[in-house]
Structure formats: structure tokens, C-alpha cells
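Novice: Quick mapping for you: the protein sequence lines, in order, are chains Y and Z. Residue 4 in my numbering sits at position 4 of the first sequence; the count goes up by one each step and never skips. For my numbering, add 138 to where a residue sits in the second sequence, where the first one is 1.
Simulated from the structure, these hints should not be mistaken for lab results. Careful, some of the hints might be misleading.
Heads up, simulated SDA-like pairs for lysine to any residue below, C-alpha to C-alpha not over 25 Å straight-line [what the hints assert, rightly or not]:
hint : chain 1 : residue 1 : chain 2 : residue 2
1    : Y       : Lys-93    : Y       : Met-59
2    : Y       : Lys-93    : Z       : Leu-194
3    : Z       : Lys-288   : Z       : Asn-225
4    : Y       : Lys-93    : Z       : Gly-267
5    : Z       : Lys-288   : Y       : Leu-74
6    : Y       : Lys-93    : Z       : Pro-179
7    : Y       : Lys-93    : Z       : Ala-277
8    : Y       : Lys-93    : Z       : Leu-160
9    : Y       : Lys-93    : Z       : Pro-146
Okay, the calculated beta carbon distance ranges per label pair [as the list claims (entries may be wrong)]:
hint : chain 1 : residue 1 : chain 2 : residue 2 : range
10   : Y       : Ser-27    : Z       : Arg-297   : 19 to 25 Å
11   : Y       : Glu-119   : Z       : Val-150   : 25 to 31 Å
12   : Y       : Leu-10    : Z       : Gly-195   : 16 to 22 Å
13   : Y       : Phe-79    : Z       : Arg-240   : 43 to 49 Å
14   : Y       : Pro-63    : Z       : Ser-164   : 29 to 35 Å
15   : Z       : Thr-182   : Y       : Thr-87    : 27 to 33 Å
16   : Y       : His-72    : Z       : Phe-222   : 44 to 50 Å
17   : Z       : Phe-214   : Y       : Ser-122   : 41 to 47 Å
18   : Z       : Phe-222   : Y       : Leu-7     : 41 to 47 Å
19   : Z       : Asp-227   : Y       : Pro-63    : 42 to 48 Å
20   : Y       : Met-78    : Z       : Gly-166   : 36 to 42 Å
21   : Z       : Arg-226   : Y       : Ala-94    : 46 to 52 Å
Fair warning: this is a prediction, and the values are worked out from it, not measured in the lab. Note that beta-carbon positions come from the ideal geometry of N, C-alpha and C, so glycine has one too.
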Amino acid sequence: MTGAMALAELLISALIVLGGAFAFIGSWGLTRLPSLMTRLHGPTKATTLGVGSILIASMLFFPIYERSFTAHELLITMFLFITAPITANMIAKAHLHRQGHGVDPNPADSTDATIPEPERWSTFTRPPREQEPLPPAE
Amino acid sequence: MKRLLPHPLLTVTLVAVWLLLLNGFSIGALVVGFVIGIVVPLFTAPYWPGRPRVRLGWPLIDYLAIVLWDIVVANFQVAAIILFRRNRDLRSRWLVVPLDVRQPEAITLLAGTVSLTPGTVSSDIAADGRALLVHTLDAADPAAEVARIKQRYERRIARIFT
């Protein structure tokens, strides 16, 4: 029993350290990468595994030591996986808008010069009017 | 029946999430869960105009397994890039991923997958819905990266949404 407990403790500690390391690397990427679009990669990604391994550690710890089980970790994972891409997408789109309007001329990004087929993307096109106003009745 | 439960799968998901949030089972909780599960789909029905047919069997398991595995592997790659690659050696690029899937739900799932798997963020969709604009942190071969996204993720998603 003590052997199994020690093994579990080792595993949980390793997962927590791994999670902390990934969260740290993600934040470090936020400060050191050169442009907004590249910075977006750090926190949206490295953090998924960082938070993931801490949640797995929590899912192991509570049943083993407290004899209680909650499914909240699964829900946190689910909510994170649903919201993280949407947040990243909103930031990217806001950035494209600002670049398109020349509000955010960070030379490291320079989307204007490099973005392929700029007329094609929905951020840069006006949505079609859903319904033309009816012509006046005669 | 169709009018009361426009999205049966959403109803089941909401009831399950409610019970998991409460972290306990009682008849009262189940009743409240079903009230939420019926009211929320009714009020959000205008935002779900299509009713995609989803296969919940092997294709979904296969897809989830491969995405989870890729998230783990690619996290290490991105961590290595952040730690050891100099900024001027970074080959970050915009990719255009042409889309074969047509359902809005399938495209959303693909865009989310691309954003979750490290190294790529989906940034925009073409006005006609036929391509995704994807930013990559480090792509040596853009064409290969596009082919990988289509082969690995889009093909599997197309199998889920029959």
C-alpha cells in the first residue's frame, strides 16, 4: 500500500511540475516572441497542456487521498477547449481589423504585406445586405 | 417533439453538464437539468439553423484520440521553439487552407482544432466559406503543413459529419 501511495505521490508531483513548467513557458513566450500573431501561440497552446496536467494531477489526488471524486476537472477541460480557440480567433480578427485600418502598424506583423489574398477574407469584406428595401408600392 | 426538442443532443449534453457541475445526483437536480436542457435549446434555436447529422461512434473517438495526442506532442515542439529558437530564425507564415467540408458546424470544429493544436491559429474564414486563414508559428514547408491539416483533421471531421 505504501509503495503504491509513494508511486501515486511521485506521479502527481511530476504532473504538477510539468504543468507549472508549461504554463511558465507559455507566459515566457508571450513576452519574448516578436509580434502579436506569434505571441498568440504561446498562451493558447502551451497553456492547454499546462492546465491539462494540473487537472489530471487533481483528478488523481482527490480520489486517492481524500476519497472524494469530482468531475469538475473534466468540465474545466471541456470549457477551456471550447473557449480558448474562440478567444484566439477574436484577438486575431481584431488584430487584422486594426492592421487593415492602419491603427496597429507593428512592423514585425506587417499583415498588409504578407497576408495572402487579402480581398478574400471575411474580416475585410462587407457582408451582403440580407434584404434590399422593398420598392415603394405604386 | 421536434418543436419541443430542436436539438436532442444539446439537451442531453446540458443535462449531463448540469449534473456534473452539481457533482451529485438527485431527482430535483435531474428535473432542473431537464428544464435547462429544454429551455436553452428553445431560446438558442435561431442561432442553430442547421441540424447536422453527427455520428457519435468510432469516427468521433478516432478524431478525439488523434487531436489529444497531437496537442500533447506539439506542445513540446512549441515549448522547444519558445525556449531555444532565436526570433530571426522563426519561419512564421500565413497559410490558406482550402476547405472541402461545407457545414458551418464542421468548419467551426476544424477551426477550433487548428487553434488548439499548437503551432497553428485559425484567424479568419473566406467570405464565401471555402478557405481558412491560418497563422503558423514555425512552418518549414507551408504546402506540407496545409496537406497535414487536411489529411489529419479535415478528413476525420468530414467522417463525423456525414
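Novice: That 29 to 35 Å hint for Pro-63(Y) and Ser-164(Z) (C-beta), does it hold up?
Specialist: violated, 22 Å
Novice: Would you check the hint for Lys-93(Y) and Gly-267(Z), treating anything up to 25 Å between C-alpha atoms as holding?
Specialist: holds, 16 Å
Novice: Honestly, do Thr-182(Z) and Thr-87(Y) meet the 27 to 33 Å range at C-beta?
Specialist: The hint (27 to 33 Å, Cβ to Cβ) is violated, given that Thr-182(Z) and Thr-87(Y) are roughly 20 Å apart.
Novice: Taking only the CA atoms, is the gap from Lys-93(Y) to Leu-194(Z) under or equal to 25 Å?
Specialist: It is violated: about 32 Å lies between the C-alpha atoms, which goes past 25 Å.
Novice: Can you confirm whether the C-alpha distance between Lys-93(Y) and Met-59(Y) stays at or below 25 Å?
Specialist: violated, 36 Å
Novice: Starting from the hint 25 to 31 Å, judge whether the C-beta atoms of Glu-119(Y) and Val-150(Z) obey it.
Specialist: 43 Å Cβ-Cβ, so the 25 to 31 Å window is violated.
Novice: What's the verdict on Lys-93(Y) and Pro-179(Z), does the C-alpha distance respect the 25 Å limit or exceed it?
Specialist: Roughly 28 Å between the alpha carbons, so the hint for Lys-93(Y) and Pro-179(Z) is violated.
Novice: Confirm or reject the claim that His-72(Y) and Phe-222(Z) have a C-beta distance inside 44 to 50 Å.
Specialist: violated, 36 Å
Novice: Falls inside 41 to 47 Å, the C-beta gap from Phe-222(Z) to Leu-7(Y)?
Specialist: violated, 32 Å
Novice: When you take the CB atoms of Phe-79(Y) and Arg-240(Z), is the distance between them in 43 to 49 Å?
Specialist: violated, 28 Å
Novice: Can you tell me whether the CB distance of Arg-226(Z) to Ala-94(Y) sits inside 46 to 52 Å?
Specialist: This hint is violated: roughly 27 Å between Cβ atoms.
Novice: Taking the beta carbons of Phe-214(Z) and Ser-122(Y), is their distance inside 41 to 47 Å?
Specialist: Distance hint for Phe-214(Z), Ser-122(Y) is violated at roughly 33 Å.
The structure shown violates the earlier hints numbered 1, 2, 3, 5, 6, 8, 9, 10, 11, 12, 13, 14, 15, 16, 17, 18, 20, 21.
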